[in-house]
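> Using the sequences plus the hints, can you model the full thing?
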Amino acid sequence: MTDTRPLVPSLWSGFVGIVRRDILLAWKRPGDVLNPLFFFAMVSTLFPLALGPSSEQLGSIGPGVIWVAALLAALLSLNSLFVSDFEDGSLDQLLLSPQPLTVLALGKAIGHWMVSGLPLVVISPLVAISFHMPDQSIKVMAVTLFFGTLSLSLLGSIGAALTVGLHRGTALLSLLILPLAMPVLIFGARTVSLSTSDDAVSAGVYFLAAYCMLALTLAPFATAAALRISNE
Amino acid sequence: MCLFRGDKCLFNSLEFALNPGQLLIVEGSNGSGKTSLLRGIAGLLEFEQGEIHWEGNPLHGHYQAFRADLTWFAHKVGFKDDLNLLENLRFEQSLHSFDEGSVMAVLARLGLDLLTELPLRSLSAGQQRRVALARMLLSKGRVWMMDEPFTNLDGAGRSLVDAVLSEHLANGGSAIVATHQPLEIVGDVKRVSLS
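Sequences listed follow chains A and B, in order. Heads up: the first sequence begins at 1 in my numbering, then just goes up one per residue. Heads up: the second sequence begins at 233 in my numbering, then just goes up one per residue.
Treat each hint with caution, since some may be false.
[Stated by the list, open to error] Cross-link-like lysine-lysine pairs, in silico, DSBU-like; alpha carbons within 35 Å at most:
{"id": "1", "chain 1": "B", "residue 1": "Lys372", "chain 2": "A", "residue 2": "Lys28"}
{"id": "2", "chain 1": "B", "residue 1": "Lys422", "chain 2": "A", "residue 2": "Lys28"}
{"id": "3", "chain 1": "B", "residue 1": "Lys308", "chain 2": "B", "residue 2": "Lys422"}
{"id": "4", "chain 1": "A", "residue 1": "Lys28", "chain 2": "A", "residue 2": "Lys139"}
Derived from the structure by calculation, the hints contain no laboratory data. Predicted, not measured: the structure shown is a model, and the values here were computed from it.
As structure tokens, this is what we get:
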């Protein structure tokens, strides 16, 4: 053995490694991915059935209902973000790896979004059609959900990291995350309902994109710090 | 060094140095703080007092460089049950410096070379420990930290642990092992007893 320090793989390979691992895990256990997706599809398609086929009424509540369903689906899946890593000891290995924990936390959040947020964005046009939404609103819905779900995965990873050592931390996680998620919900739902009446939507989309960037740059640091604290 | 868990002081004024090629055995009864000591040295727990030096410098706040040299082996193996052996090792490879060329040779030595396609959940507990041993052998870290390395291992597995530890020491690596079982190691051995 030489005296030289062992070389650490690049940050990019650490990031790609953890994203790939989490997607592979989701692929082998599709139930974990499909549950929140079914929840989203069921909640948002039950409303039109319960409220009747009046397209005016559906058009006015549609954006709010879809956004609330998306938020709840995200909260549902976030709870398990770090739990399995904590239980099988992988979290210790992540904490002790030479890769910066911030990069790994970012990878966990992005991996979570790719298996839970992105499918939701993809099926949202189908759900929007069941609410008689006009074409331009369907596009706005997909774009706002894209930024919104990404923000929720990133912000949610902070809450998931803080509650990882607690058993049944779901209620606490929701309490921690909801205040941070409120701007996403308000701007997301409002932007979509503005688009149904042909009003300008760019301000809302810009806000969501800016909020998403803020989460992208700051949340991984908070998640990394939270993981170190809650794993003591 | 001094470490508290809750309001109980586990150990006080503990002091030791570890040189390349040396093995430190941490002994003590159940609940005496062996695991806590190891987690403290690795930086997972904060010591109330005292500090750890690595290559002459205080470690506090500079863990990132130390972690490149650290290989961790604990009760929980830290692999994903749903992935197979090679998928798990490929993930390790993106985190640690890894000896990619000798993967199959190491797996053959540990008797795992025919199990590479099976998800880890279908392996026995002892075989899973052997996979964790493979991670230690493949990583290029100079400091091995092992918490009860013999758990779930059969006789052949135990002598394998003894053999790879001896080799690691002969190559100039060092190791800290917490155990209450006898080790048959060829090399420079130190002991710390926690009471």
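> The structure should be examined with respect to each hint, and the outcome stated for every one.
We went through each hint and held it up to the structure:
| no. | hint | in the structure |
| --- | --- | --- |
| 1 | B:Lys372 with A:Lys28 | holds, 30 Å |
| 2 | B:Lys422 with A:Lys28 | violated, 45 Å |
| 3 | B:Lys308 with B:Lys422 | holds, 26 Å |
| 4 | A:Lys28 with A:Lys139 | holds, 32 Å |
The earlier numbered hint that this structure contradicts is number 2, and it is the only one.
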